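K.L.:
If you read the protein sequences in the order shown, they are chains F and D. Counted the way our numbering counts, the first sequence spans residues 1 to 375. Counted the way our numbering counts, the second sequence spans residues 376 to 621.
Don't read these hints as lab results, they were simulated from the structure. None of these values were measured; they are calculated from a predicted model. It is possible that some hints are incorrect.
Unchecked claim - Computed beta-carbon distance windows for the label pairs:
no. : chain 1 : residue 1 : chain 2 : residue 2 : range
1   : D       : 515       : F       : 319       : 26 to 36 Å
2   : F       : 358       : D       : 453       : 11 to 21 Å
3   : F       : 24        : D       : 404       : 56 to 66 Å
4   : D       : 491       : F       : 24        : 17 to 27 Å
In this text, a Cβ means the ideal position worked out from N, Cα and C, and glycines have one as well.
Each chain, written out:
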Amino acid sequence: MPLNLTLASRNLFHDRLRFVATTIGIVFSVVLVMVQMGLYLGFGRMVTTVIAHTSADLWVMRHGTKCFEDPSLLNASKLTPVVATPGVAEAIPLVIGFSGWILPSGEITPVFVVGSDLQTLKPWNVTAGTVQALSTPGAVAIDRSYFERLGVSGLGSKANIRGLPVSVAAITDGIRSFTTTPYIFSDLSHARAYVGIPSTMVSYLLVKLRPGADLEQVRHDLQSSLPDSEVLTTAEFQERSRSYWLFGTGAGAALFAGAILGIIVGLVIVAQTLYSSTKDHLDEFATLRAMGSSNCYIYSVIIYQALLNAVIGFAFATLIGFSVVEFTRSGALPVVITPMLILAMFALTVVMCIAAALGAIFRVVRIDPVMVFTR
Amino acid sequence: MSDFIVEAKGVTKILGRGAAQVHALRDINLSLRGGELTVLMGPSGSGKTTLLSVLGCILTPTSGTVQVCGHATQGADAEVLAKLRRDHVGFVFQSYHLFPTLTAAENIQMALDIRGAHGEDARAKSRDALEKVGLTHKIASYPHELSGGEQQRVAIARAIVSNPSAIFADEPTAVLDTRNGQVIMSILAEIAKDPAHGVLVVTHDSRMTSFADRVIYIEDGCLVRDERGSADAATIQTTASAGRRA
């Protein structure tokens, strides 16, 4: 180990109380930022989860549709020109909308109905029952996490949606809505009845391309023939939905504000402790300077201290971050930590700690080596 | 190039500003040779430490010139002075100034590390330096595990490990008992036997002059006596300066 690193680490661990305080500060800061960003990712993933689980190549929607939950409707007659477009293999109508689930007690709770051909978009993570069973009249799929809310106990449980009898034919695990309104999956015709959309209208047309078809060309052709509609790829629609919910509603700004607060807290704590540590070791830095050390060598000791703080604080923070991920996994809004987020957080922690070291470095720059003769 | 390791000509040093201004050094002319142990004596406030700082390239003179191994310090910035110290100077301080979190060997290695010498070679040199001061058995000891005398010996080892031409010791025995003080002076005198090293020791303890090849006296920032060999052979070289002061 280089001696400047040895000196940095020994000085760091020498004052245990300060080391613990610094580490706690960094951990607090990094966990705060990590959780905020994890919520951001989780939120972003959650608001696009249904879109992500379709097998469509293109989405045709009414012009100006902001997100998947947008109630805008499309005339079903557009199905004909869509299917006739070269390169299109099939176009599947999708109906979505809010409705009322009537509990056995008579109480009504809102639900979000999703109905399609049960092929291009079907419930996933089915743990009981089958998707095929949803084609029978009144059959619906619900998520296990909403049993209590919907007043059901499992397969075969009965209820009503808008006065129409329904029966639970499939149970999923982990399909949660960020709006906390339960998703109800059913086939297309029954979904129309549950949300009151006539057969002349659809929410979306899910387009599947023929093998080898040029996606951009098909999209261009569709867009030309449907001037009052929009044609987006799945990825584009995900991005639009994510942007709407995160930035159109202010939710993303709140998460970012929390993250920035975390960075500020971390900066202040690390800067303060590094500065006071440097002040406590001024004699040593002055001795180094008197011995002929370059300023860069002294800076390296301080930077090493900052980096050690960063690595140790980050390691603890990551452990806590993963615990939070586990803890929120089945919650209303799971925190998501991706490898990219880990890398970004590590880079941020390092930058934060080095930036915090600047104050200490400015203090060391002013050291007069002659002080070694007076102490 | 001069034969002297350190050479000061007409050095004046003014410290402070305005009403607080002090003429710490006045017209100092002094040369240090290799193979000599020079003791600089004087009362408190006479300018001993300021002279040591100027000769050791920590301070630059207000006027006059200082050359260390042929390199002038006049007008040099802090980094250039640091390089001069790195290349040519070793310091021993009154309060040792060892790094408390490093072992004796690591403290010595630090002097090499700042000079870019690392690894096994640095460790071997560090062990050799410790051997010269008789502390090989304390190689892994931390400063708080060493006595004052031992700490000062480690500081000496640190000062000599990079083989500097000039070694400056500021009151190296001031906080030590007589026996330890004599051990320290013996080590410094032994180092000064090597013509490659010139040693200047600042002290107010007249007992230490017995180790010196040369004793210089300073008062009120002026050199007033320069003795070689014994006190009887005293050579006052600064009469002119003293006369000007008077």
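K.L.:
It remains to establish, for every hint, whether it holds in the given structure.
P.N.:
Now the hints, each set against the structure:
In this structure the supplied range 26 to 36 Å holds for residue 515 of chain D paired with residue 319 of chain F, their Cβ-Cβ distance being about 34 Å. Between residue 358 of chain F and residue 453 of chain D the beta carbon distance is about 19 Å. The supplied range of 11 to 21 Å therefore holds. Distance hint check for residue 24 of chain F and residue 404 of chain D: the Cβ-Cβ separation is about 60 Å, which falls inside the suggested range of 56 to 66 Å. A hinted range of 17 to 27 Å is violated for the C-beta pair residue 491 of chain D and residue 24 of chain F, which are about 37 Å apart.
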